[in-house]
Amino acid sequence: MAPRKDAISKKTVAKIEKLAESVLKTVQGGKNPFLDIPVRSLANVTWSDKRRLVELGGQKQKRYFFNVSMAKKFMQTFLVSEACKELIDSGKTTSIRDLYYVTKHTIGDTRQNTFEDQDESDPIIEDLEVTMDSLREELHLFAARKGSMVGPVTIVDTGDTIDLRRMGSGGWSVPSIVEENVITFRKHEAKYVLLIEKDAVWTRFNEDKFWKRNSCIIVQGGGQPPRGVRRLVQRLHRELKLPVYVLVDNDPWGFYIYSVMKQGSINLAYESMRMAVPDARFVGLSSFDKDKYKIPTNVAIKMDDGDNNRAKQMLAYPWFKHARWQNEIQEMVKSGQKYELEALSRRGISFITEEYLPKKLKDKDWLE
Amino acid sequence: MAKASARAAGASRSTARRAKRPQMDLFEDKATPPVVGATPEEAAAPAARPAPARRATAESMAQKQREISVSEFFVKNRHLLGFDNPSKALLTTIKEAVDNSLDACEEAGILPELTLEVHDLALEARRPQDAELTKGEGRFLVVVQDNGPGIVKAQVPKIFGKLLYGSKFHRLKQSRGQQGIGISAAAMYGQLTTGKPIRVTSRVGRKKDAHVFEIQLDTRKNEPVVTHDEALSEWHQEHGTRVELEIVANWQQGQRFVNRYVEHTALANPHATIHYTRPVGAAQRENADRPGNETLSFPRATTELPKEAVEIKPHPHGVELGALMLMAQESKSRDVSGFLQSAFSRVSAGAAADILSHVPWGRKAVKPRQLAENRAMAEALHKAIGETKLMSPPTNCLSPIGDELMRKGLVSFLTVIESEGDEEEGAQLDLDSAGMKSKRAPRAEKAARAEKGKGKGKAEAAAPAPEPVPDAPAEEGVEKIKGHNYFIATVTRSPKVYRGNPFQVEVGLAYGGSWPADKTIELFRFANRVPLLFQRGACGITEGIVKTDWRNYLLSQPKNSLPVGPMALLVHIASVWVPFTSESKEAVAHYPDILKEIQLAAQECGRKLATFIRKRKAEDYQAERRSIFERYIEEVAIAIGKITRRQPGPIKREFLKVAHKVTAAEMAEEEKAALEKGEDEARPAKGKAARGKDQPSPKAKRRARAADEAEEE
Numbered sequence: 009m010a011p012r013k014d015a016i017s018k019k020t021v022a023k024i025e026k027l028a029e030s031v032l033k034t035v036q037g038g039k040n041p042f043l044d045i046p047v048r049s050l051a052n053v054t055w056s057d058k059r060r061l062v063e064l065g066g067q068k069q070k071r072y073f074f075n076v077s078m079a080k081k082f083m084q085t086f087l088v089s090e091a092c093k094e095l096i097d098s099g100k101t102t103s104i105r106d107l108y109y110v111t112k113h114t115i116g117d118t119r120q121n122t123f124e125d126q127d128e129s130d131p132i133i134e135d136l137e138v139t140m141d142s143l144r145e146e147l148h149l150f151a152a153r154k155g156s157m158v159g160p161v162t163i164v165d166t167g168d169t170i171d172l173r174r175m176g177s178g179g180w181s182v183p184s185i186v187e188e189n190v191i192t193f194r195k196h197e198a199k200y201v202l203l204i205e206k207d208a209v210w211t212r213f214n215e216d217k218f219w220k221r222n223s224c225i226i227v228q229g230g231g232q233p234p235r236g237v238r239r240l241v242q243r244l245h246r247e248l249k250l251p252v253y254v255l256v257d258n259d260p261w262g263f264y265i266y267s268v269m270k271q272g273s274i275n276l277a278y279e280s281m282r283m284a285v286p287d288a289r290f291v292g293l294s295s296f297d298k299d300k301y302k303i304p305t306n307v308a309i310k311m312d313d314g315d316n317n318r319a320k321q322m323l324a325y326p327w328f329k330h331a332r333w334q335n336e337i338q339e340m341v342k343s344g345q346k347y348e349l350e351a352l353s354r355r356g357i358s359f360i361t362e363e364y365l366p367k368k369l370k371d372k373d374w375l376e
Numbered sequence: 013m014a015k016a017s018a019r020a021a022g023a024s025r026s027t028a029r030r031a032k033r034p035q036m037d038l039f040e041d042k043a044t045p046p047v048v049g050a051t052p053e054e055a056a057a058p059a060a061r062p063a064p065a066r067r068a069t070a071e072s073m074a075q076k077q078r079e080i081s082v083s084e085f086f087v088k089n090r091h092l093l094g095f096d097n098p099s100k101a102l103l104t105t106i107k108e109a110v111d112n113s114l115d116a117c118e119e120a121g122i123l124p125e126l127t128l129e130v131h132d133l134a135l136e137a138r139r140p141q142d143a144e145l146t147k148g149e150g151r152f153l154v155v156v157q158d159n160g161p162g163i164v165k166a167q168v169p170k171i172f173g174k175l176l177y178g179s180k181f182h183r184l185k186q187s188r189g190q191q192g193i194g195i196s197a198a199a200m201y202g203q204l205t206t207g208k209p210i211r212v213t214s215r216v217g218r219k220k221d222a223h224v225f226e227i228q229l230d231t232r233k234n235e236p237v238v239t240h241d242e243a244l245s246e247w248h249q250e251h252g253t254r255v256e257l258e259i260v261a262n263w264q265q266g267q268r269f270v271n272r273y274v275e276h277t278a279l280a281n282p283h284a285t286i287h288y289t290r291p292v293g294a295a296q297r298e299n300a301d302r303p304g305n306e307t308l309s310f311p312r313a314t315t316e317l318p319k320e321a322v323e324i325k326p327h328p329h330g331v332e333l334g335a336l337m338l339m340a341q342e343s344k345s346r347d348v349s350g351f352l353q354s355a356f357s358r359v360s361a362g363a364a365a366d367i368l369s370h371v372p373w374g375r376k377a378v379k380p381r382q383l384a385e386n387r388a389m390a391e392a393l394h395k396a397i398g399e400t401k402l403m404s405p406p407t408n409c410l411s412p413i414g415d416e417l418m419r420k421g422l423v424s425f426l427t428v429i430e431s432e433g434d435e436e437e438g439a440q441l442d443l444d445s446a447g448m449k450s451k452r453a454p455r456a457e458k459a460a461r462a463e464k465g466k467g468k469g470k471a472e473a474a475a476p477a478p479e480p481v482p483d484a485p486a487e488e489g490v491e492k493i494k495g496h497n498y499f500i501a502t503v504t505r506s507p508k509v510y511r512g513n514p515f516q517v518e519v520g521l522a523y524g525g526s527w528p529a530d531k532t533i534e535l536f537r538f539a540n541r542v543p544l545l546f547q548r549g550a551c552g553i554t555e556g557i558v559k560t561d562w563r564n565y566l567l568s569q570p571k572n573s574l575p576v577g578p579m580a581l582l583v584h585i586a587s588v589w590v591p592f593t594s595e596s597k598e599a600v601a602h603y604p605d606i607l608k609e610i611q612l613a614a615q616e617c618g619r620k621l622a623t624f625i626r627k628r629k630a631e632d633y634q635a636e637r638r639s640i641f642e643r644y645i646e647e648v649a650i651a652i653g654k655i656t657r658r659q660p661g662p663i664k665r666e667f668l669k670v671a672h673k674v675t676a677a678e679m680a681e682e683e684k685a686a687l688e689k690g691e692d693e694a695r696p697a698k699g700k701a702a703r704g705k706d707q708p709s710p711k712a713k714r715r716a717r718a719a720d721e722a723e724e725e
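Order-wise, the sequence lines are chains B and L.
Heads up, my numbering is the position in the first sequence plus 8, with the first residue counted as 1.
Heads up, my numbering is the position in the second sequence plus 12, with the first residue counted as 1.
These aren't lab readings, by the way, just hints derived from the structure by calculation.
All clues stand as given, with none of them false.
Now the stretches of chain B that chain L is said to cover, found in silico as 3 or more residues with beta-carbon under 8 Å:
| # | stretch |
| --- | --- |
| 1 | 33-39 |
| 2 | 87-101 |
| 3 | 112-123 |
A short, non-exhaustive set of chain B residues, derived as facing chain L with CB atoms under 10 Å:
| # | residue |
| --- | --- |
| 4 | I24 |
| 5 | E25 |
| 6 | A28 |
| 7 | F73 |
| 8 | K80 |
| 9 | F82 |
| 10 | Q84 |
Result set (DSBU-like, lysine-lysine): computed pairs, CA atoms no more than 35 Å apart in a straight line:
| # | chain 1 | residue 1 | chain 2 | residue 2 |
| --- | --- | --- | --- | --- |
| 11 | B | K68 | L | K669 |
| 12 | L | K673 | B | K23 |
| 13 | B | K112 | L | K654 |
| 14 | L | K627 | B | K70 |
| 15 | B | K80 | L | K654 |
| 16 | B | K26 | L | K654 |
| 17 | L | K673 | B | K39 |
| 18 | L | K629 | B | K39 |
| 19 | B | K81 | L | K627 |
| 20 | B | K112 | L | K673 |
| 21 | B | K80 | L | K664 |
| 22 | L | K654 | B | K18 |
| 23 | B | K68 | L | K629 |
| 24 | L | K654 | B | K68 |
| 25 | B | K23 | L | K654 |
| 26 | L | K673 | B | K70 |
| 27 | L | K664 | B | K70 |
| 28 | B | K81 | L | K673 |
| 29 | L | K180 | L | K379 |
| 30 | B | K33 | L | K664 |
| 31 | B | K81 | L | K664 |
| 32 | B | K80 | L | K673 |
| 33 | L | K494 | B | K80 |
| 34 | B | K19 | L | K654 |
| 35 | L | K654 | B | K39 |
| 36 | L | K669 | B | K81 |
| 37 | B | K154 | L | K654 |
| 38 | L | K664 | B | K39 |
| 39 | L | K654 | B | K70 |
Glycine included, C-beta positions come from ideal geometry on N, C-alpha and C.
Required output: the full structure, derived from the provided sequences and hints.
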């Protein structure tokens, strides 16, 4: 069947064509062609107090073709654009890894490849996203999927109705693209969403049927949650008006996961609007929980230099300026110790689902 | 001193190892019966028994004390003359004969045309189809023929059959041969190892008959013995000399040195044509002219004879006391003033008076002969000479290769090198495959070489081949040889003096082309146009180059080592008396005056090189840029073509148009930046150098090993 393009796809293709045409026009005018690419670095990221989001600034970098250090990237950007256009035209979606293989080939009679590895092609895709202000999904691309979810909610995924109450031990695996045209929500009895850092802890919550007893949706993103998980959590929050709680390790990495969930990341600052949940609450593991919940120090892990540096960086982030957060991070730095969520199992295998989290929620013992 | 004793130790070891060799026995067999009754062992034995406390008496010892002839001395000390082992002996034999031929031709003002043949006798005896090169030692016939003035019949036996007989020892004139040992030593070596006499054919002119001699050496008396003497009514040359020597040699090991010697001789003697015939095994022999042989020709690059070297009188500042006394004895002058003026250069009547004013007996009338008898008087004079300021010796007596000819020599040398390709690892100097190739593509190549020799120069170095992106224009000093660009720079210093001997240093370098960039440079050493192939480490030339800081000239250089880079460096010392470290003339002695001149010449050449490298770096950067863009334009054009549904061809053309425009305009600035960057990169050679010292690359190791081998042999 000839794929029918929806409005978004048409728009995206038009953007790609416009990009190519503008370059062509510059060249025909005898000028050095360039692409205007928003800078994706800390320097071009601002913290919006009003929206409580990390936002991309206005800085743009011109990527010229006739510049030794930029020529290759310029060339790569067009290889990716062309491949994406072809994907959209044929109505197919592919992984960014796949795209790397599609666009990789040897240049002329040299021994040089268009891309040497995927680390080269991934940033080009992100460049293209910001340059054209198109989402990855709109380019018909997705990242490797990661993350799973269960809870008292029914959804429709590309036409299939799925009851997330009956997903067994593995849960529903969250796809990379979770936009309205793919996923829609139906009936639900959930009161909140619980984002758990890691799969092992999520499995404990699922096995103990925590979500059933407490009427919540539990999601895990396998460490730093991928775009699909973040976007889905945001939609659950916005569309179903569910509060979001984040349960992560007590270490700088865990705090950063919360931070990204809450106000977006620096690298994907241009997507903060679509991903961040500024109201997300940090429910644990707090630096003060070790005393409150009597976690013995012998299950602590010593902070290393990397941890300390990261913690110090976070102390400077505007969104961690609140006194409570400063206390939280400083306490960790001061003690020089970090705790994994699993450390709670020292108090009993289901301590986390039966005592720790319920008490936390009951006491409203969280940070925002 | 330490070096000398180390050499002696090494020598005695090697003599011991060889003590049982048949050639020594051969020598014993043909020796005339000893004059004094018994061999040393027999004489010592009876004396030892009756008087155990005193094994020999002065009288018994006196019986054994007798004169040793020069020949006998050298029979035992062959290594001093370069006959240490069969592979080296082969080269030395060839070298002595070729040196003599070139000297003779130049002295007579004849453009040398030399034929050099090496025949593997065992190989030629076999049937052509299964002929293999002799492995290891074997019998070889060496033939060297020149078109020189020939040798007068009466002189032939003495020249070839008597050690220390010659025309060059007693004069001060730049020539290849110096002592008059070489060729007769080769004859002696041949006689010792094969029992065959040296065979010499010579003709002095059209109206004279050619004469063939077979000459043996009486080693006890150091006298020639003519075993065959025949007049030839017919000979193919009007004048010239042909020397045939049968020797035991090792071609397998020695060939690379012979090849190198021939190549380098051609390099330093661009006025000579050399035809070089060498044995080739059946496997490589499809194109050979004769079974077992193939011929390589090195045509002359110029028809101009080098400036004639003029004989000069010694300069007083270089003379030693003993020599002074000897000269005084032989003087025919009536007084010392006259003696000084006639025997030395740069001593005028005024200068002589000046010298004598410093001598206590200066005012008396003294006959030169008196000086020879009175040591104190001679010493006073010697001291006075040292204290008197004299004009430097005349330096117009030297005959350097010269900038222009050095360049021509390098070009034709590189042409031969490039013909061979690099199928053999680490064998840039091995001619083995060059012969094959030059035969396959003969005319055009030679024509091109001749052309280059004639009109070479800046315009010609331009690459006429059309290229998609314009190549860098012809550069000054760059020669395109077989598709490789070489930067060639030459420096000829003005003559200087060491110990009263005038000398002159020349340096030429060929940079780039197909020299490997990660290896030590090739250093070609020459003394009076003779290539020095052994004892690189012990040579003053090497020291001069090592002591030059090449990092200033953008090459990396490990501490106390030759620089590393794609370069061949030619160093030539011309002198009326080149101070060698030994009679085999393998290394130049370390005189500070000479070292300093070598360094100055190297620095001058290095500055030219640095200028070139800097320019080249900027150009490389540009070329790299261009190729990057060219590669990517194709890709971008295809992608944009697909997106906009256009043909990629026209898009590509649009891009290329801009490429030329943009690169020209915008590059100017980046060029400047790149140049500065390039200089920065060149500087941290120090770090590289340290690494080079601690951990030489495998290639460097291989090359070092090859150099060591050369040293050993």
